[in-house]
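J.: Residue numbers (this note's numbering), protein chains in the order written: chain A, 1 to 354; chain B, 1 to 354.
Read the hints as simulated data drawn from the structure, not as lab findings.
A hint or two may mislead.
In this list, chains with the same sequence are indistinguishable; a pair is considered to hold if it fits within one copy or across any two.
[Claimed, not checked] DMTMM-like mimics (lysine to aspartate or glutamate), calculated; alpha carbons at most 20 Å apart, straight line:
1. Lys-50 - Glu-25
2. Lys-312 - Glu-180
3. Lys-50 - Glu-98
4. Lys-312 - Glu-344
5. Lys-100 - Glu-239
Computed from a predicted structure; not experimentally measured.
Here is how the chains run, residue by residue.
Protein chains: 2
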Amino acid sequence: MTSAAVETMRSEKLAPRLVRALRGEPVDRLPVWFMRQAGRSLPEYREVRKGASLMEITHRAELAAEVTLQPVRRHGVDAAILFSDIVTPLEAIGVPIEIKPGVGPVIATPVRAAGDLKQLRAFEPQSDAPWLIETIELICRESPVPLIGFAGAPFTLASYLVEGGPSRSHARAKAMMLSEPQLWRELTDRLADIAVASLRAQVAAGAQAVQVFDSWVGSLSVAQYREGVLPGLTRLFGELRDLGAPRTYFGLGSGHLLEEIARFEPSAVGLDWRVPLSEGRARLGAGFAVQGNLDPVTVFCPEPVLAREVAKVLEDSPGIGHVFNLGHGVLPESDPGVLTHIVELVHQHDPGVQ
Amino acid sequence: MTSAAVETMRSEKLAPRLVRALRGEPVDRLPVWFMRQAGRSLPEYREVRKGASLMEITHRAELAAEVTLQPVRRHGVDAAILFSDIVTPLEAIGVPIEIKPGVGPVIATPVRAAGDLKQLRAFEPQSDAPWLIETIELICRESPVPLIGFAGAPFTLASYLVEGGPSRSHARAKAMMLSEPQLWRELTDRLADIAVASLRAQVAAGAQAVQVFDSWVGSLSVAQYREGVLPGLTRLFGELRDLGAPRTYFGLGSGHLLEEIARFEPSAVGLDWRVPLSEGRARLGAGFAVQGNLDPVTVFCPEPVLAREVAKVLEDSPGIGHVFNLGHGVLPESDPGVLTHIVELVHQHDPGVQ
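The shape of chain A in the complex, shown without the other chains (with noise of 0.2 Å):
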């Protein structure tokens, strides 16, 4: 065996049980997270927001890390994913941006021509978010398991910004997608760069992996996903190839576009509960990890009910290739003691390609 053959080996036996499986290896068990893990669901996370905003906790590397960590050390998940929220980046730039509780980001300044563009300039999280880089440093050094960086996807951060806050029709933003075109990839193209430059320095300063946030994008159809939003997120995922780390997209009800998605070329697709595991990964085609996608009410349903839906997600599983996660985030009102059972069930598991 050749010195490299050895330090590969070395290398691939000391990855972590998620990103293995992220880039399509053999685990010994399932990785399990929740997308949400951090959040309203722990007391613990509940307590710290009694003295702080998201937002300020975002910026206090010590309480970012510290949230970051409660459900890795409350779950035993595999993974801790940095708290965050997908505008931070536009906030570190200056966008007028608050998250207002009960609504979500609400934008002063929305962007509806050419000239409102000037409030997107280049996002420089040495300078521009220095706690960024402090709080994935720190969460490094603590956790035992990899941390996931992570970001927002341009179309889900245009619809925010030219709706001015959160949207169920996006109409603006679609309006704008269908009418200026021009304008439209001018807005994504910068919402791109300024997501791989988010990613890029979490990645350096330690993060293992990386996932991609595009919640809004099941609002488009196959057509409008493919002229409107493609282009942007393969300049976002281009620019991430290099790095090494594996890169999850994730977009609920995003199940008529995975062919699309597959373009990209993600690492690992996130699946919602109504996609099931072998049609997204026959869907996608070869080479893409999936993520997912116990339906997350299950939660609120008696053990045997839960461990029976459990089941069900395991009995499809590829065993190669696939993220244990719940199909969306944990919803606010779901019991920890439940979500740490989860994992329980799938650590339980044999993957059965060791």
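Given chain A, work out where chain B should sit, using these hints.
T.: Just chain B now, kept in the frame of chain A:
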């Protein structure tokens, strides 16, 4: 030619464009109407609403008929649809429901256990809702186009009843569906029977077609839909089959459920903007008309873009068996002049199959 054949020919000639399209028969022009065409997009509706709440309007036949006919007069659409709310029959049998502006239906006595089902007694339109029959008769006397009867589907109504109001996750309702299949079945059977009673009465009073709205069904996986929703819909649509009036089913975000929807044999299926008409027809199989599916946000685009988007839908139209509509309800901020223009664009189109 037998006299029966002559009769058939005559009745077919007399059948309005909407009914012919829903039956899969050739039409001179594609029929077009808009979900939520009656309502907040029209200044004449907002005028009526100044003096009466939504529930009051549904209870006063002359007002309900007036707002139902407003979009027919203004836009020249090919159908009227009863102005109502899906919870109206529940309110009529005494369930304590309030429609809170900006929130939606709120139910004081949510269904959480078998004992809570008592409040869902049989709906007897003649005695429980004489205003409903009166409204339909008034509309049919005055309307130049056919009236579509209106009802809510069991899953969507069950979600309101179990949650006690609108919900984004439908967590309690879905947890009941997964955990207490017998209670859930009893609940959804009762709701199916209520819809049947309402729709049969509406057709008896003059409605020439019916549409069942299943607004929240897009939140379900195929397996969840098959086990928890299909039985109620099979019951509901089975009980309407002898009516003669075409039966349309629409559920937002139900693109992944089309193969299941075909099983209970609606006459027509509403497709939202995420499922191309040609794809929807292919997946449903032979014998189904389709309705849709212009993205409602295109109403906010400048005319050339709007015309292009309408043309795309028309290019994908099968000609026979297609009712033009939006892919979801009219957004309240829509300019009614633009809606009228869409009707003109559709009517200018030659379906090419007369």
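J.: Take the hints in turn and mark each one as holding or not.
T.: Now the hints, each set against the structure:
Taking identical chains as interchangeable, the C-alpha atoms of Lys-50 and Glu-25 are never at most 20 Å apart, the minima being 42 Å within one chain and 64 Å between chains. In this assembly of identical chains, the alpha carbons of Lys-312 and Glu-180 lie at most 20 Å apart only when taken from different copies (18 Å versus 45 Å within one copy). Taking CA atoms no more than 20 Å apart as the test, Lys-50 paired with Glu-98 passes inside one copy only; the shortest distance there is 18 Å, against 34 Å between copies. In this homomeric assembly, Lys-312 and Glu-344 come within 20 Å of each other (Cα to Cα) only inside a single copy, at 15 Å, whereas the closest approach across copies is 51 Å.
Taking CA atoms no more than 20 Å apart as the test, Lys-100 paired with Glu-239 passes in neither setting, with 32 Å inside one copy and 48 Å between copies.
Violated hints, listed in ascending order, are 1 and 5; each of the other numbered hints is respected by the structure.
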